[in-house]
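Colleague: Let the sequences and hints guide you as you build the complete structure.
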Amino acid sequence: MALDFDMQEKTICGYHKRNTNKFGILENKFPIFQDENESIFLLTRDHFFSISTPQITSVIKNYLRYKRFGDIKRIVANILVLPGVFIALAFIFKYTGFLDQFQPIIELLESKLVNVLFGISIFNVIILWHDFYEEKSHPIQLPKTKKIQQKEIDEIKATGFKFGRYGHLDTVSFSSEQTLELLCDFTKDNQFQTYDLFKYLLKEDYDIQQIIRRSGIEMSVSEMEEKFKIGETVIPDYPITALRSILTYAIEEAILTESRQLEPQHIFLAIIRLYPQTLKYIQTKGISIDILREIALYNNSLIAKAQRTKHLDPNIPYFNKGGIARRWIYGYTFILGHFSKDLTEEVANNRDIYGIGHDDEIENLVSVLGKLSNKNALLIGEAGVGKSSLILGVAQRINTGNVPIQLKDKRIVQLDINGLIAHSLKMGNIEELIMKAMQELENSGNAILYIDEMQELIPAKAEESSHSLAGILLPYILNSKFPIIGTVNYSDYKKYFYSNESLRQSFTNIEVKEVSTTDTLKILETKISTLEKNFNCYITFPTLVASVELAYRYIKERKLPSSAVQTIEATCSWAQSNSIQKITAEHVSKAISIQKNINITDIDQEESNKLRKLEENIRKRIIGQDEAVIAITESLRRARTDIRNPEKPIGVFLFMGPTGVGKTYLAKVVGEEFFGNKSDIIRVDMSEYQDIDSVDKFLGTTETGNVFGQTNITLVDRVKSNPYTVVLFDEIEKANPKILNLFLQIFDEGRLTSAAGETVDFTNTIIVCTSNIGSGILLQALEQDEALWGEAKDRAMIELRQSLSPELLNRFDGVIVFSPLDITQLKSVAELLLTELKKRMIDKGLNIRWTDQIPMLIANKANEPGMGARPLKRYIQDRIEGQIAKEIIEGNLKSGGEIDIKENWII
Amino acid sequence: MPIWHLRKLARISVVVNDNLSLSLLIKNFFLPWHRDYSMMGYVFGLLIKILYLPIAFVIYLISIIIYTIIILVWLLLPIGTLTFIFTSILR
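Order-wise, the sequence lines are chains G and P. For the first sequence, this note's numbering begins at 1 and goes up steadily by one. For the second sequence, this note's numbering begins at 1001 and goes up steadily by one.
Hints listed in this document are in silico derivations from the structure and should not be mistaken for laboratory results. Quick reminder that beta carbons are idealized off the backbone N, C-alpha and C, glycines included. Check before you lean on any hint, since a few could be wrong.
What the hints assert, rightly or not - Covered by chain P, according to a simulated footprint, are these stretches of chain G (three or more residues, beta-carbon under 8 Å):
hint, segment
1, 106-117
2, 303-316
3, 319-327
4, 432-445
Unchecked claim - Dumping the calculated BS3-like pairs for lysine-lysine here, alpha-carbon to alpha-carbon at most 25 Å:
hint, chain 1, residue 1, chain 2, residue 2
5, G, 596, G, 648
6, P, 1027, G, 371
7, G, 10, G, 22
8, P, 1008, G, 310
9, G, 147, G, 162
10, G, 793, G, 734
11, G, 305, P, 1008
12, P, 1008, G, 321
13, G, 590, G, 720
14, G, 321, P, 1027
15, P, 1027, G, 408
16, G, 144, P, 1008
17, P, 1027, G, 481
18, P, 1008, G, 408
19, G, 620, G, 838
Modeller: Okay, here's the thing in structure tokens:
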């Protein structure tokens, strides 16, 4: 899944044509309006930004003059303040008696001139103070905006713009001094020199180099000009009226990147976005305008993080925190402190942002904790979705005071069960210890108890874990007067909570969903500085994007954001051990490839050759089944080049045909060729799943065990532990129809929900089903006349359609009837089998040789119509392997020896 | 007088009050020290608050007064300076 940055949905660009009085929305078009009668404006959810030609003209004409005046004014004011300082010092010295001996100075101090000079100095202090006041009281700050709802856009399209609903803002007033200065510098004779400015921005810094460096690419003017023909013809000069459009697109960039004001970097981003050639240039480098924007956004977040929170600034909201005496009115938790930690205190001095992507859940949790009764919350979610981070997010909100009055001054205390057990061993009486701790909690008046992995306190689970705390602690928790937050995953919730009415009643369930890829990217952004510091490396932004995308796609056993965080950490660690300083997206692919033992790196020349020869290689091993080989290799090529649908298995095939023609063997060969030798195929005999009870077994119910009381390893477990494999369902027609219904979900969505409630991922598997449907018809045709094969095949397909539901049949990428093997093909199979035997013998230090007649002889002797290649295998085993074994036992064949296969062994 | 200065004064009042826990302690004046509901807890709590609150209140007042003076200086300084310059010239 490609990352959706969804930035564009925050703004709308509109135009107005004065001649026709027509308003409209500019959708994915970026025209430069030069005609005075055409104007452009930008709409956010609450504001609209506009810019007029007189404003632009005034800026170009007057800004530099105004700036120069301001600079001179400040210099003069500073100079004129100095005499005042000296006069003030002189007065101090005069009154302290130091100047008693310098009578002329005393006289001078009493003169009219000094008084006037002092007054002028004070007046200049006022001027400087005014400047300072103006800057502080009216800082330039672009408003932050939220997504514009589609409903609103539709309304605008239907009824037109209702400008009265929006606050009007001038684009120019949000431009920084640097921006205005650049606009003036690059406007000559009423012509705005766009390309010259673009080149200048690329050359100078203005934070643009920082963006380019983080994007992991290099941009040079010479390369653009030579290879991409980007020059003044592509980015032309415009009349001054066109600046309205350029500045509108630039302020859009500033808003999307959550900047305080319109900076030169936004003009740079706008120019990149405006022209297809510049966009193509960055695309060939492997990045997009969205990535550049996201980097600018990240840089802004770093600046905001580094800035001290200004509590005294009335423009920034302030939330009461309670102050130095807030703890005086709440009780102590001395005993609890031994086996718990205060999360509010832990996050107090941490400037990281927690709970990203869980805004709704945080709101929900805050409202549950703020209730008068039943204020316990149970967070249910898979491991790695960010349940703990969500709680830290609430702790952070408590710290900033951004919570309802009921939660003000509260602190979240995390119970450490292992710490409690350890402390109880020291203290002796565990019951008394828990009782005292719970009393402390009740008495404290400001504690919220947080228990991670809450199922550990359920007696049934505690029995499994063999600790005796649950029975003692649980009653206190159920009758608690303080709020409790617990976390549990889906399977444990279903197992231990769902059936327990009192537990269910005591908690309000909050489902914690997997965060989106966009939010995961934001979470990874917060980790950049820590990772760079720890691993002594530089992380480019495409690395983060690749980590999110590849983790989402290949690490299905964990959820986002945990999978992506683990991926980037693994990549950094791998890069460090390989002395790589600058980490790129390719390194992420490499790290995942190593970790998962699959190949997801870019296709190199060697692999390209291998993929091209894949069909040839498989054909060498699978004799006479070209149709099946072509179907399989095509799906494998699609998978390796990433063209396939990532939400489905790599390929789903149904193989039909008589026995011994290579159906299972093809599955094995594919497993070896595509996933590597280490990966064994998962073979499921569907005849074991005939009755209705077998549905539970198929879904991996936890109660399935063998006679020895050991838990059986089910399909679910095998796919979970090895998601990159070939799954072979043998004889699917024998499976219970309910199981065949489960196949619909596997084939269509590439996932299966297990009995434990976990989602098992099949998107990286190749699914091969085999069926004996119609094999009677096919066998009959083979026995009677091979010329009837075509007709028999059609009849077999009809029988298949009658036996399996159309929904299921529709979901196969291909239904392939394996052809019977003729004598020449059997000869080739015999050759293959002999070669395999030779390989085995070479491993033992023996060599076998045979003449050209031997394979044909075996094929003729072993051929049983309708039985395929299996009799050949048996024949070689009985006649040739048996003879070799005899020779070894009799001492005629020793290590390093050679033996010829004799014709009389076969005849 | 610009509204911004008044808003700043109001903000100073809120921040100082919050940081010194003034209104919080007044609201919970009779609550015992760390919720220790024994006689000792009540006595100690009252004692601490009786000692602390006047100090906090003085700090609060000083902060407010200082900023009020700054506003007054800000208001009067231009007029005062001009008057000073003119009287110096005319004297």
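Colleague: Check each numbered hint from earlier against the structure, then list the numbers of those it violates in ascending order.
Modeller: none
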